[in-house]
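Knowing the structure of chain A, use the given hints to seat chain B on it.
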Amino acid sequence: MPELYIYILVMAVVTYLVRMLPLVLMRRQIRSRFVRSFLYYVPYACLAAMTVPAIFFATSHLISAILGFITALVLAYKEQSLIRVALGACIVVFLAERVLTLVGML
Amino acid sequence: MNPFRKGIAGGIPIALGYFAVSFSFGILAVKGGISPLAAAVISLTNVTSAGQFAGLTIILTSGSLWEMALTQFIINLRYSLMSLSISQKLDAKLPLWHRFLMAFGMTDEIFGISAVQKDPLAPSFMYGAMAVAIPGWVLGTLVGGLAGSVLPAFLLSALGVALYGMFIAIIIPPAKTDPAVLMVIVLAMVFSCLFYFLPLLKTVSSGFVIIIVTVVVAGLMAWLKPIEEDPDDA
Chain A
1 MPELYIYILV MAVVTYLVRM LPLVLMRRQI RSRFVRSFLY YVPYACLAAM
51 TVPAIFFATS HLISAILGFI TALVLAYKEQ SLIRVALGAC IVVFLAERVL
101 TLVGML
Chain B
1 MNPFRKGIAG GIPIALGYFA VSFSFGILAV KGGISPLAAA VISLTNVTSA
51 GQFAGLTIIL TSGSLWEMAL TQFIINLRYS LMSLSISQKL DAKLPLWHRF
101 LMAFGMTDEI FGISAVQKDP LAPSFMYGAM AVAIPGWVLG TLVGGLAGSV
151 LPAFLLSALG VALYGMFIAI IIPPAKTDPA VLMVIVLAMV FSCLFYFLPL
201 LKTVSSGFVI IIVTVVVAGL MAWLKPIEED PDDA
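Keeping their order, the protein sequence lines are chains A and B. Going by our numbering, the first sequence opens with residue 1, and the numbers climb by one from there. Going by our numbering, the second sequence opens with residue 1, and the numbers climb by one from there.
So here's chain A without its partners, still in its complex pose:
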């Protein structure tokens, strides 16, 4: 599947350029307050858009996904580490699906 490696090449080159160009070319801060604000908000907007609604379809049942989502929100709010939040959500999904199986919903 040679096409796969063309995709990977495009991904890798664009990602590297985005990281490399400012570091190599720019020696001073961006002045535009709008651009700086935009860049500041980008990761939050992007990660939030990628998480919802996708997380609701990431498991075997909507209920376990919602419980996993809530667990991640609570743990993140308590400022737990990335690993703990991720694993906590996984464990709750796992337990929820055991219960769903027992009551015949899954």
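These aren't lab readings, by the way, just hints derived from the structure by calculation. Backbone N, C-alpha and C fix where the C-beta goes; we use that ideal spot for every residue, glycine too. There are no misleading hints in this set.
Here are some chain A residues pointing at chain B (derived, C-beta under 10 Å):
no.	residue
1	Leu9
2	Val10
3	Arg36
4	Ala65
5	Ile83
6	Cys90
7	Leu106
Same frame as chain A, but now just chain B:
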């Protein structure tokens, strides 16, 4: 302790976290029909969770290469700001090749530990962190890709939320103290749902949904609520 060893020490917890998250990336990739080795190549050449995740969706849905380039550009645009920030911390006389090499390891987490080092930042600090974090990322992908196919479905289902859990862990803590960030998150989630459920918007491919939602929401909030002028805020 020399900067390289200090970087290794800072990189170990990052590597552990990467392993868990890239494990689920490997599983997702293999589930979609990509070989574990190819998944590991993606991880080795990209070293970015959100970008790879979106890129995988585009590959699996046979999106165009333009869509791929544009998605990676928008999603990874934040690295430009991080690179900019780090460029302010470097010795002006630093040979250029260091900047080319450091750029490769500019991830959210490595940036995070590097940004808080005192000026000037020694490139070897970042190299130390990269030396453990990147193998963690690549090995996790490979193991996830290989073991994912033998793991039972209920485990795969549970691991399916790992990546999202990490995203939530990144975006929620800053939202506690910055109402604008909270607003960005809520708006982005609502818009993204609109694209998923509304009849006409539903036809837009998921890669473009992420771009459109990100640009619209970040642009809107940058206009309504520009950040305070603090160079360390990024």
